[in-house]
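Engineer: Given the sequences, and given the hints that come with them, work out the whole structure.
Here my numbering is used: the first residue of the sequence shown is 574, the next is one more, and so on.
Since the hints were made in silico from the structure, they are not lab data.
Be a bit skeptical, because a hint or two may be false.
Derived CB-CB ranges, DEER-like [unchecked claim]: (1) Glu814 <-> Ala938: 54 to 64 Å; (2) Ser853 <-> Thr1015: 20 to 30 Å; (3) Pro608 <-> Pro1012: 46 to 56 Å; (4) Gly925 <-> Pro628: 32 to 42 Å; (5) Thr1015 <-> Phe616: 21 to 31 Å; (6) Val618 <-> Phe1096: 42 to 52 Å; (7) Pro1012 <-> Trp912: 48 to 58 Å; (8) Leu874 <-> Ala911: 29 to 39 Å; (9) Ala942 <-> Ala1092: 44 to 54 Å; (10) Gly1112 <-> Pro1013: 40 to 50 Å; (11) Pro628 <-> Tyr1026: 29 to 39 Å; (12) Pro630 <-> Ala942: 36 to 46 Å; (13) Ala1108 <-> Ala911: 43 to 53 Å.
Glycine included, each C-beta is placed from N, C-alpha and C at the ideal position.
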Amino acid sequence: MPLRYGWYLGSGTPPRAFPTEPFLMPESTSPQAEPRNLIRLWFCVAVGVALWFSPAPEGLSTPAWHTAAVFAATIMGFLLRPLPMGPCVMIGLLALATTGVFYDASHPNSQAAIAWRDVMGLSNPQTMTPYATNGLEIPSWQVRLKESFAYSLTGFANTTVWLVVAAFLVAGAMIRTGLGRRIALTMISRLGGTTLGLGYAITLAELCLAPFIPSNTARGGGVMAPIVNSLSHALGSTAEENPRRAGAYLTLVGAHANLIAAAMFLTGMAANPLVSAAASDVFGVQFGWGRWILGALAPGLVSMAILPLFIYGVCKPQADCSGAAREEARSELRDMGAWTPKQATMATVLAGMLLLWATGPLQKAWLGASLPTAMVALLGVAALVVLGVERWKDVIGNAAAWDALIWLGGLVTMASALKATGFVAWLADRVGAEVTGLPPLTTAIVLAIVYFYSMYAFSMLTGHILAFAAVFFSVALSVGAPPLLMVALVAYFSNLCGCTTNYSSGPVVIYYGLGYVSANRWFAVGWFVSLLHLAVWLGVGLPYWKMLGWW
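Structural biologist: What follows is the structure in structure tokens.
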């Protein structure tokens, strides 16, 4: 079977070709509207309404509770997926804007806002005139709605959001030019002499692609999964016949290598910048591109080196020779021909972006300022358009990028409102009370492990990050855990925790859907891989981060 296409063989779903070139699957991909999805939608609405009208817990303001209710309903929408993520977020934003809750978020300490809540329901519904209470002029509904709606749009101006958008645009160019595929095939043709060698080739390809393709779904599902599936077929292994010959091993390596690569780079997964933003917001710690990769370097490379051999031990392939797969990769490279001018230009632009990202501290030392990460990414997009690698039509047609702008920008606004209204601080106090008295280092490790395994309750890495990252940071802050250490643990574990299930993220679902590995076996291997991650990232990471002065 040629390496140009792979097949998705999910249960109940007809085979579907993975296109080689302009494939970018947004994380918000979901089924078309149908009755069962309407039921799920109404269930999410019911959850939000029930929480909204229930009494706020002691110590929590009504606006904070209302914000949490809508946020919970939105996260429920991510889990049940009655609609794509974008519409779920838009509904949540509009609910908070039209009810005026965002006004309270934008004026958290305003006496006028507090007075408004005291007289809620007393304003004249016909004139909407303001009331004067205790000498304070209460804002009218018109003012509240205007400012509330303005607040709902603040997240779309966030630099973190635009970093993700720009990274998606660069990823689209990388896939369209065929550079990503060329890199992956080159790794396989050089290292694929044995089945174990193929595992290392897949791992190395993920490592090379991760800094530049921020959607781990696009990287895993659009670039690597088709290659992995075709390699398995070339070795006489299909989902129906001889899955253990090679397919199961290569599938597991591909899925878990994708998650490690996503953990190693700020731009390795779309939601990673959310962790960076939360770290800055809660701790005042800048955990940008350079610091992210610096902290991941030692434990990440050790993980990448061990993973293929580790999975070889827990799921040993029956085929030990992959000469046919290597020849298949070489054949595909011959079909691709020599490097095209666009591929060479693309590689040059990527190298320039990587250089600017990695030399931020030097720029600041020499020039007095460093280019923001998002600015570098947008400069890369502009260069690709000016140099003719991308057409503007390709840029505006990149659905994943603009989809990410909607859902990520909206979620940034909601997260900001949760903090502004006091919900995050309130929840952190409650959780912090449970770990009070433990040494700071022990507290950080315990919180990180709880954060890691709480992924079993989520079907998406992004939803997990949004629900827990800021809260765990706030808890760590309240109990005195080392800030940089806590940020590192949450940042890296936010991706590594996807190893636990077969539904944790887009690429994992795609790899599982190839059909080589049963659900039971996937969970079993995932459990062992989770222990490997904890051993490596704590055993190697802690002393390495100590050397860096992070704790």
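Engineer: Hint by hint, say whether it matches the structure.
Structural biologist: Against the structure, the hints come out as follows:
1. Glu814 <-> Ala938: 54 to 64 Å: 60 Å, holds
2. Ser853 <-> Thr1015: 20 to 30 Å: 25 Å, holds
3. Pro608 <-> Pro1012: 46 to 56 Å: With Cβ atoms ~54 Å apart, the hint holds.
4. Gly925 <-> Pro628: 32 to 42 Å: For Gly925 and Pro628 the Cβ distance comes to about 56 Å; the hint is violated.
5. Thr1015 <-> Phe616: 21 to 31 Å: 39 Å, violated
6. Val618 <-> Phe1096: 42 to 52 Å: This hint is violated: roughly 32 Å between Cβ atoms.
7. Pro1012 <-> Trp912: 48 to 58 Å: Roughly 55 Å apart at Cβ, these two residues keep to the hinted range, so it holds.
8. Leu874 <-> Ala911: 29 to 39 Å: Cβ of Leu874 to Cβ of Ala911: about 32 Å, so the range 29 to 39 Å holds.
9. Ala942 <-> Ala1092: 44 to 54 Å: This hint holds: roughly 51 Å between Cβ atoms.
10. Gly1112 <-> Pro1013: 40 to 50 Å: Distance hint for Gly1112, Pro1013 is violated at roughly 19 Å.
11. Pro628 <-> Tyr1026: 29 to 39 Å: Hint holds: Cβ distance 31 Å, inside 29 to 39 Å.
12. Pro630 <-> Ala942: 36 to 46 Å: Given a distance of about 45 Å, which is inside 36 to 46 Å, the answer is holds.
13. Ala1108 <-> Ala911: 43 to 53 Å: Given a distance of about 44 Å, which is inside 43 to 53 Å, the answer is holds.
Checked against the numbered hints above, the structure breaks hints 4, 5, 6, 10 and satisfies the rest.
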